[in-house]
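> Protein chains in written order, with the working numbering: chain A, 3 to 230; chain G, 114 to 441.
Be a bit skeptical, because a hint or two may be false.
With a Cα cut of at most 20 Å, we get these calculated SDA-like pairs of lysine to any residue [said to hold, decoys possible]:
| # | chain 1 | residue 1 | chain 2 | residue 2 |
| --- | --- | --- | --- | --- |
| 1 | G | K416 | G | L402 |
| 2 | G | K416 | G | F387 |
| 3 | G | K185 | A | K193 |
| 4 | G | K165 | A | T56 |
| 5 | G | K165 | G | T221 |
| 6 | A | K193 | A | A181 |
| 7 | G | K165 | A | N144 |
| 8 | A | K151 | G | M114 |
| 9 | A | K228 | A | V165 |
| 10 | G | K165 | A | L61 |
| 11 | G | K185 | A | N144 |
| 12 | A | K228 | G | Q429 |
| 13 | A | K151 | G | E217 |
| 14 | A | K228 | G | K223 |
| 15 | A | K228 | G | A248 |
| 16 | A | K151 | G | P222 |
| 17 | A | K151 | G | R123 |
| 18 | A | K227 | G | R205 |
| 19 | A | K151 | G | E210 |
| 20 | G | K165 | A | A59 |
| 21 | A | K151 | G | L163 |
| 22 | A | K227 | G | T221 |
| 23 | A | K193 | A | L29 |
| 24 | G | K185 | G | D175 |
| 25 | G | K165 | G | E138 |
| 26 | A | K151 | G | T221 |
| 27 | G | K416 | G | L405 |
| 28 | G | K184 | A | L61 |
| 29 | G | K184 | A | F150 |
| 30 | A | K151 | G | L405 |
| 31 | A | K151 | G | F387 |
| 32 | A | K151 | G | G244 |
| 33 | G | K165 | G | K185 |
| 34 | A | K151 | G | R206 |
Not close to chain A: a few residues of chain G, all C-beta gaps over 10 Å, as computed [claimed, not checked]:
| # | residue |
| --- | --- |
| 35 | N119 |
| 36 | L187 |
| 37 | R190 |
| 38 | E204 |
| 39 | N249 |
Just so you know, the hints here were simulated from the structure itself, not pulled from any lab data. From the three backbone atoms N, C-alpha and C, an ideal C-beta is built for every residue, glycine too.
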Amino acid sequence: MPEAPSSFALWLERLAALTPELLESSLDTLYMVFFSSFFSLLAGFALAVCMILTGPAGLNPRPGIYRVLDVAVNLGRSFPFIILLIAIIPLTRLITGTTIGSAASIVPLTVAAIPFVGRLLEANFLEVDRGVLEAARAFGANNAQIIFKVILPEALPAIVLNVAVLAITLLGYSAMAGAVGGGGLGDLAIKYGYNRFQVDVMIYAVCILVLMVQIIQSVCNFFYKKLR
Amino acid sequence: MIQVENLHKRYGERQVLRDISLQVEAGEIFGIVGHSGAGKSTLLRCLNGLEKYDSGTVVVMDQEVGSLAEKKLLTLRRRMGMIFQTFNLMERRNVFENVAFPLEVWHTPKAGIRDRVAALLRLVGLEDKAGERPANLSGGQKQRVGIARALALNPEILLCDEATSALDPRTTLSILDLLRDINARLNLTIILVTHQMEVVKRMCRRTLILDNGLARGTGETAELFLAPPPGLRRLIHDEYAHISQGVNIRLGFPKEIAREGIISSMARSLDLDFSIVGGSLERYQEDVLGFLVINVLPEHLEKTLDYLRARKLRWQVLDDGQPEDCHA
Ligand SMILES: Nc1ncnc2c1ncn2[C@@H]1O[C@H](COP(=O)(O)OP(=O)(O)OP(=O)(O)O)[C@@H](O)[C@H]1O
Ligand SMILES: [Mg+2]
Chain A
3 MPEAPSSFAL WLERLAALTP ELLESSLDTL YMVFFSSFFS LLAGFALAVC
53 MILTGPAGLN PRPGIYRVLD VAVNLGRSFP FIILLIAIIP LTRLITGTTI
103 GSAASIVPLT VAAIPFVGRL LEANFLEVDR GVLEAARAFG ANNAQIIFKV
153 ILPEALPAIV LNVAVLAITL LGYSAMAGAV GGGGLGDLAI KYGYNRFQVD
203 VMIYAVCILV LMVQIIQSVC NFFYKKLR
Chain G
114 MIQVENLHKR YGERQVLRDI SLQVEAGEIF GIVGHSGAGK STLLRCLNGL
164 EKYDSGTVVV MDQEVGSLAE KKLLTLRRRM GMIFQTFNLM ERRNVFENVA
214 FPLEVWHTPK AGIRDRVAAL LRLVGLEDKA GERPANLSGG QKQRVGIARA
264 LALNPEILLC DEATSALDPR TTLSILDLLR DINARLNLTI ILVTHQMEVV
314 KRMCRRTLIL DNGLARGTGE TAELFLAPPP GLRRLIHDEY AHISQGVNIR
364 LGFPKEIARE GIISSMARSL DLDFSIVGGS LERYQEDVLG FLVINVLPEH
414 LEKTLDYLRA RKLRWQVLDD GQPEDCHA
């Protein structure tokens, strides 16, 4: 008569069965976080550049334009993500052709992050010593050169730290997007843990999220030290 | 080289520059001196168009700065270097890359940059620091990097905003010597803004004294300091703590004159007592002048002054509240 399997062996067997799904969901999450970070950084960078150009102490002050950008950023940041997610469904469908799955989640994640990134980068740019900008102007540098040769390189270490803030925030948001069919670890945790009472799946998903946060932060800290 | 006429500038309600006029000749070291908040930096920044002005004209190398289009203004700045009190180096670039910055801005080819930066670092004595970050340099070294950077584009004018104010006395002297050397070797016109009176005395043949946005005196530095026009004395001689009783007289003489000789013979021939309050040696460009402040009783003042007049010494009565009097 075969021995009853130990609880450890049972646990191992269960984990092995879950692994493909955990892995797939993790990749989905990384995919969402990576691309939404990437696109929101691009757009947020452009936004931040516009703000430091037109801002009160900017290179080319335009109070009217700055006021509009400033209000728009505040509005965008005060919009609850879960509502945004639903509100921009038409846009999501227009861009990706669908509204479910991780590719579709990238759209609301990116839209939600753009004003956030804009504000973070604006703060980083404003941190650059005004005297250094003054020196660059004194040698005849134009605004484009000041932005790309002075402000951006000087602010880069601080920006890298904010990339960690951004990616980790988006990791949290991506779990939320998962709740409305976005895929990824959040989706998995809710589907099994909440709807089917398989608490262990939820725990694994959360553990993986915690691990991802740690890794993102460590990588960014590493580059911060290296760049400084 | 530079002609400023009737320059006015205000920040909101605050009038920062009032009716400033000055002329700077090619190749000279011109001083702008005044206390904090006098408007020195603002005036300097008007010269290279970093600051707009409300009225008046600023003509630099035959171009009116205020009416230049952006492109022309950038090209004018290319011909004017600038150094700063806080050095304003880029922390993330090393010494070489900082000095290379203006060259990059003006699209100098890589090989050209390498040679030019090497020559500049040699000029300021920092050949061995090319790879260092500014954070690892002393204040004096940072200012040398600032000077090398300012010279990168072979400017005709160098603007110095409190270039030595953050440095200790010895480093200050070494930076001033470097500036003087550059002035002579490259025939560079230098405008030196500072609140340190010793610096203009040492460096500048001509000086503008700025006080609260007003030009309070302009001319030969030695004349300004040795025989300041009335009302300027308080502004210039802030270095003496006077004795409140009696009358303080400041005597100036060339170094060659034996001070003790004059003082003791004065005491003997006038038969009166006076005390010595302080003394100093001051350097005016190539000359060193000695100063002595003595304190006499009011009733002995006329006798003393008669004696000094006869000896053709430079002197001035320093006392607060008393009508100022002086004799060059
Ligand atoms: N951007 C600005 N906006 C408003 N006021 C200003 C601005 N820059 C300077 N001021 C004012 O103008 C006056 C002159 O300033 P400026 O910097 O030219 O003085 P300064 O003589 O260079 O002083 P310091 O020796 O402290 O550098 C000061 O009262 C200052 O408060
Ligand atoms: Mg100043």
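> Taking the hints in turn, state whether each one holds.
Consistency of the hints with the structure:
1. G:K416 - G:L402: Violated, at roughly 25 Å.
2. G:K416 - G:F387: 12 Å, holds
3. G:K185 - A:K193: Distance of about 66 Å is beyond 20 Å: violated.
4. G:K165 - A:T56: 18 Å, holds
5. G:K165 - G:T221: It is violated: about 29 Å lies between the C-alpha atoms, which goes past 20 Å.
6. A:K193 - A:A181: 8 Å, holds
7. G:K165 - A:N144: 17 Å, holds
8. A:K151 - G:M114: It is violated: about 31 Å lies between the C-alpha atoms, which goes past 20 Å.
9. A:K228 - A:V165: OK: K228 (chain A) and V165 (chain A) at ~15 Å, within 20 Å.
10. G:K165 - A:L61: 14 Å, holds
11. G:K185 - A:N144: Roughly 12 Å between the alpha carbons, so the hint for K185 (chain G) and N144 (chain A) holds.
12. A:K228 - G:Q429: 62 Å, violated
13. A:K151 - G:E217: The hint holds at about 9 Å.
14. A:K228 - G:K223: Measuring from Cα to Cα gives roughly 26 Å; hence the hint is violated.
15. A:K228 - G:A248: 15 Å, holds
16. A:K151 - G:P222: 16 Å, holds
17. A:K151 - G:R123: Given pair K151 (chain A), R123 (chain G) is violated - Cα atoms ~32 Å apart, limit 20 Å.
18. A:K227 - G:R205: Holds, because 12 Å separates the two Cα atoms, which is no more than 20 Å.
19. A:K151 - G:E210: 11 Å, holds
20. G:K165 - A:A59: 15 Å, holds
21. A:K151 - G:L163: This hinted pair holds, its Cα atoms lying about 19 Å apart.
22. A:K227 - G:T221: It is violated: about 31 Å lies between the C-alpha atoms, which goes past 20 Å.
23. A:K193 - A:L29: Given that 20 Å is the threshold and the Cα spacing comes to 17 Å, the pair holds.
24. G:K185 - G:D175: 12 Å, holds
25. G:K165 - G:E138: 23 Å, violated
26. A:K151 - G:T221: The given pair, whose Cα atoms are some 15 Å apart, holds under the 20 Å limit.
27. G:K416 - G:L405: 18 Å, holds
28. G:K184 - A:L61: Holds, at about 15 Å.
29. G:K184 - A:F150: With a Cα-Cα distance of about 19 Å, the restraint between K184 (chain G) and F150 (chain A) holds, given a limit of 20 Å.
30. A:K151 - G:L405: 54 Å, violated
31. A:K151 - G:F387: Violated. K151 (chain A) to F387 (chain G) sits at ~65 Å, over the 20 Å cutoff.
32. A:K151 - G:G244: 19 Å, holds
33. G:K165 - G:K185: With Cα atoms ~15 Å apart, K165 (chain G) and K185 (chain G) stay inside 20 Å; holds.
34. A:K151 - G:R206: 11 Å, holds
35. N119: 25 Å, holds
36. L187: 4 Å, violated
37. R190: 4 Å, violated
38. E204: The claim is violated: E204 (chain G) sits with its nearest Cβ about 7 Å from chain A, within 10 Å.
39. N249: Holds, because the least Cβ-Cβ distance between N249 (chain G) and chain A comes to about 13 Å, which exceeds 10 Å.
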